[in-house]
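Novice: Sequences are here, hints too, so could you generate the full structure?
Residue numbers (the working numbering), protein chains in the order written: chain D, 1 to 111; chain R, 1001 to 1112.
Hints were generated in silico from the structure; no laboratory data involved.
Take these hints with a grain of salt, some might be off.
Heads up, simulated DSSO-like pairs for lysine-lysine below, C-alpha to C-alpha not over 30 Å straight-line [claimed, not checked]:
1. D:Lys42 with R:Lys1079
2. D:Lys57 with R:Lys1079
3. D:Lys98 with D:Lys42
4. D:Lys69 with D:Lys42
5. D:Lys78 with D:Lys57
6. D:Lys98 with R:Lys1079
7. R:Lys1079 with D:Lys69
8. D:Lys58 with D:Lys78
9. D:Lys98 with D:Lys69
10. D:Lys58 with D:Lys69
Taking CB as the label site, the calculated pair distances span [stated by the list, open to error]:
11. R:Pro1069 with D:Glu97: 43 to 53 Å
12. D:Asn29 with R:Ala1039: 21 to 31 Å
13. R:Glu1059 with D:Asn20: 30 to 40 Å
14. D:Gln14 with R:Ser1065: 45 to 55 Å
15. D:Ser28 with R:Gln1045: 21 to 31 Å
16. R:Val1015 with D:Asn67: 38 to 48 Å
17. D:Asp17 with R:Phe1088: 28 to 38 Å
18. D:Glu70 with R:Lys1079: 39 to 49 Å
A virtual CB, placed ideally from N, CA and C, is assigned to each residue, including glycine.
Each chain, written out:
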Amino acid sequence: ILNVEQSPQSLHVQEGDSTNFTCSFPSSNFYALHWYRWETAKSPEALFVMTLNGDEKKKGRISATLNTKEGYSYLYIKGSQPEDSATYLCAFNFGNEKLTFGTGTRLTIIP
Amino acid sequence: SQTIHQWPATLVQPVGSPLSLECTVEGTSNPNLYWYRQAAGRGLQLLFYSVGIGQISSEVPQNLSASRPQDRQFILSSKKLLLSDSGFYLCAWSDRPWETQYFGPGTRLLVL
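Specialist: So, in structure tokens, the structure goes:
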């Protein structure tokens, strides 16, 4: 059974502060790591796909890093805004097989 | 541009009743299609995926089934719903198997 673990489960951050959370996955036979943002009452939206160890991706104030050797990825949000409130999901491809999703980190930005 | 539709948005059904949820994709051809379920307090669980018309792979044994009668249509069905079928059902598509997936708006199902 392949497990993707995300921590923390939930997080409250003051508006303007920066934050980060973690996705852990099995490091063997890695293929790709995906990050999605899921806002309430909307569909999950793809943020990043990373495939190479050391990959860093950035989209506005959100960035992500990947360490395939130790099996983790960090998602960073700089200068949090209320619109960043969402559940952030990571998903892992093992050997180009199905995506296995974590349970997500629920982020709430406090104005 | 591509769009994905799901209906209904919300459904309340009695135990033992049948189910049919529909998903259609526009603006692409030969999409890979997926059905996921999120039960309360749990992550997204893959139920079925399809790489082409009539080709369905089941991930979890259960009383649900899926069909793909047309290239861009994916249907999730049940003959008799169970209480445990309650949850949020998402359909998704991708250009290639298991690459970035694009999700529909979802159906919230409550079985009473």
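Novice: Compare the structure with each hint and give your call.
Specialist: A quick look at each hint next to the structure:
Between the alpha carbons of Lys42 of chain D and Lys1079 of chain R the distance comes to roughly 29 Å, so the proposed pair stays at or under 30 Å and holds. A hinted pair counts as satisfied when its Cα atoms are at most 30 Å apart, and Lys57 of chain D with Lys1079 of chain R does not qualify at roughly 45 Å. Distance hint between Lys98 of chain D and Lys42 of chain D is fulfilled; the C-alpha atoms sit about 23 Å from each other, no more than 30 Å. Between Lys69 of chain D and Lys42 of chain D the CA atoms are separated by roughly 34 Å; this puts the pair beyond 30 Å, and the hint is violated.
Proximity of Lys78 of chain D to Lys57 of chain D is assessed by CA-CA distance (about 14 Å); at most 30 Å being required, the pair is judged to hold. As the CA atoms of Lys98 of chain D and Lys1079 of chain R are separated by approximately 27 Å, the hinted pair is consistent with the 30 Å bound. Note on Lys1079 of chain R and Lys69 of chain D: the hinted pairing is violated, with a Cα-Cα distance of about 46 Å set against a maximum of 30 Å. For the hint pairing Lys58 of chain D with Lys78 of chain D, the CA-to-CA distance comes to about 11 Å; that is within 30 Å, so the pair holds.
Distance check on the hinted pair: Lys98 of chain D and Lys69 of chain D sit about 20 Å apart at the alpha-carbon level, within 30 Å; holds. The straight-line distance between the Cα atoms of Lys58 of chain D and Lys69 of chain D is roughly 21 Å, inside the 30 Å bound, and the hint therefore holds. Separated by about 26 Å at the C-beta atoms, Pro1069 of chain R and Glu97 of chain D break the suggested range of 43 to 53 Å. One distance hint, 21 to 31 Å for the beta-carbon pair Asn29 of chain D and Ala1039 of chain R, holds here, with the actual separation near 28 Å.
At roughly 31 Å, the beta carbons of Glu1059 of chain R and Asn20 of chain D sit within the given window of 30 to 40 Å. Restraint check, Gln14 of chain D to Ser1065 of chain R: a C-beta distance of roughly 48 Å satisfies the suggested window 45 to 55 Å. Look at Ser28 of chain D against Gln1045 of chain R: about 23 Å separates their beta carbons, and that is inside 21 to 31 Å. Checked against the given bound of 38 to 48 Å, the beta carbons of Val1015 of chain R and Asn67 of chain D, roughly 47 Å apart, stay inside it.
Between Asp17 of chain D and Phe1088 of chain R the beta carbon distance is about 30 Å. The supplied range of 28 to 38 Å therefore holds. A beta carbon spacing of about 46 Å between Glu70 of chain D and Lys1079 of chain R agrees with the range 39 to 49 Å that was offered as a hint.
Comparing the model with each earlier hint shows violations of hints 2, 4, 7, 11; every other hint is respected.
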